[in-house]
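**Student:** Okay, here's what each chain looks like letter by letter:
Protein chains: 2
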Amino acid sequence: MDIQLIKIKQNILSDNDSAAEELRKRLTENHVFMINVMSSPGAGKTTTILQAIKYLKDDYRIAVIEGDIDSMVDSEKISEAGVTAIQIQTGGDCHVDAAMLKLAIDDMDLSEFDIIFIENIGNLVCPAEFDTGAHTKMMILSVPEGDDKVLKYPLMFSVCEALVVNKADTISMFDFDLERLKKNLEKLNPEMDVFYVSSKTGEGIAPWVEWLKEKADRVIGV
Amino acid sequence: MDIQLIKIKQNILSDNDSAAEELRKRLTENHVFMINVMSSPGAGKTTTILQAIKYLKDDYRIAVIEGDIDSMVDSEKISEAGVTAIQIQTGGDCHVDAAMLKLAIDDMDLSEFDIIFIENIGNLVCPAEFDTGAHTKMMILSVPEGDDKVLKYPLMFSVCEALVVNKADTISMFDFDLERLKKNLEKLNPEMDVFYVSSKTGEGIAPWVEWLKEKADRVIGV
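Top to bottom, those sequences are chains H and B. Counting from 1, position 212 in the first sequence corresponds to residue 212 in the numbering used here; the numbering is continuous, with no gaps. Counting from 1, position 82 in the second sequence corresponds to residue 82 in the numbering used here; the numbering is continuous, with no gaps.
Only chain H is shown next, with the shape it has when bound in the complex (with noise of 0.2 Å):
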């Protein structure tokens, strides 16, 4: 029994490489950059890309496909900042995967867009082992869930370009400790780019734009 699911879980990772790797190549033919955007429950995942949208909106043309087990609750917000939302619910499902992805895109007409946000389920575990064909990670960890979450969760803190320590207004209130996760991050992930934001305020938000930006630029050749 565990043999064979193994084996099985080694074809659906397998599988999925080869159509994470084929819907990159696609996007990047059409000069659209994709990032995957994740995080626990409640980190500020929307609100950080509603901040991003505020600065790239005059220059880029943008999309958000919202991973949720249930519910519309963010794309709606999404929407309602004038960008078009794309809503994949996944019925259960811990991650949203890159056959998942291609369904979203194939009902798109990629030469209206730049930049295609994923905001992935919220769970620090299974997106981190999916990769979606996105040709950038990132995650969010936001100052409440605490610095220790490099320890706890570590491939997510590996497999992602960028962190984006979130909720930075609200440092007063809880024991966390940069450098200690930063300390933390050099063992782990030591080319990892670390933005300490607050997207409620707006605090921090513009070097961690510009990082998209370079990004971004590259594959839309802009």
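Derived by calculation from the structure, the hints in this document are not laboratory data. All the pointers check out, no bait thrown in.
Where chain B lies over chain H, by a calculated footprint (3+ residues, C-beta under 8 Å): (1) 61 to 74; (2) 152 to 166.
Below 25 Å or equal to it, Euclidean Cα-Cα: the simulated DSS-like pairs (lysine-lysine) are: (3) H:LYS183 to B:LYS77; (4) H:LYS9 to B:LYS9; (5) H:LYS182 to H:LYS215; (6) H:LYS9 to H:LYS137; (7) B:LYS25 to B:LYS102; (8) B:LYS187 to B:LYS137; (9) H:LYS200 to B:LYS200; (10) B:LYS77 to H:LYS187; (11) H:LYS77 to B:LYS182; (12) H:LYS77 to B:LYS187; (13) H:LYS200 to H:LYS182; (14) H:LYS182 to B:LYS77; (15) H:LYS9 to B:LYS102; (16) H:LYS77 to B:LYS183; (17) B:LYS25 to B:LYS137; (18) H:LYS102 to B:LYS9; (19) B:LYS182 to B:LYS137; (20) H:LYS77 to H:LYS137; (21) H:LYS200 to H:LYS137; (22) B:LYS182 to B:LYS200.
Owing to the predicted nature of the structure, the values given are computational and were not obtained by experimental measurement. Idealized CB from N, CA, C, for every residue including glycine.
Based on the hints, put chain B in the right spot on chain H.
**Tutor:** Leaving out everything else, chain B in the frame of chain H:
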């Protein structure tokens, strides 16, 4: 491929259910109460369990089984409180299941314990699907995560008997409405007992511990 996968998943879940049922029976026969504590990463499972230990440790013999993907951070904190801590490292798995629990419990002398807490992996998705053999399931939601989580992670809110809303001391910093949360729960799980606490200050812990004692005493038979 998909059909094969679904079959495997059904087999896994039904094998797990039998193992969980067996384990629960064994615990009951030994008058040991086990509770499965679930939440997002950083919602405060360890701190909340530590608060309960303060109230319970003079009258009950307690063990905490710590589920983590990696690290021993939490079991060290539990040990410092003078309580038996048993670490399960799932090595990537997004939940603990009955087979893992059985391994941990096989190593324990059940005559030495009254209450076992399971601190599950920080994840609002996968742990909701797996019966661990515990008598009761409960969850913690922290104020910073937001009151919309009921809509986004409905299975977790459906399977739990109690909800501890934690980090009440930080409410002034967040847009969190307890009444809105309760309204959403009314549709999904009207039987759920809701406690509003701060595990940092200890505020609101006593009523939740009373609830826990009532559940535990039925199994322990005191």
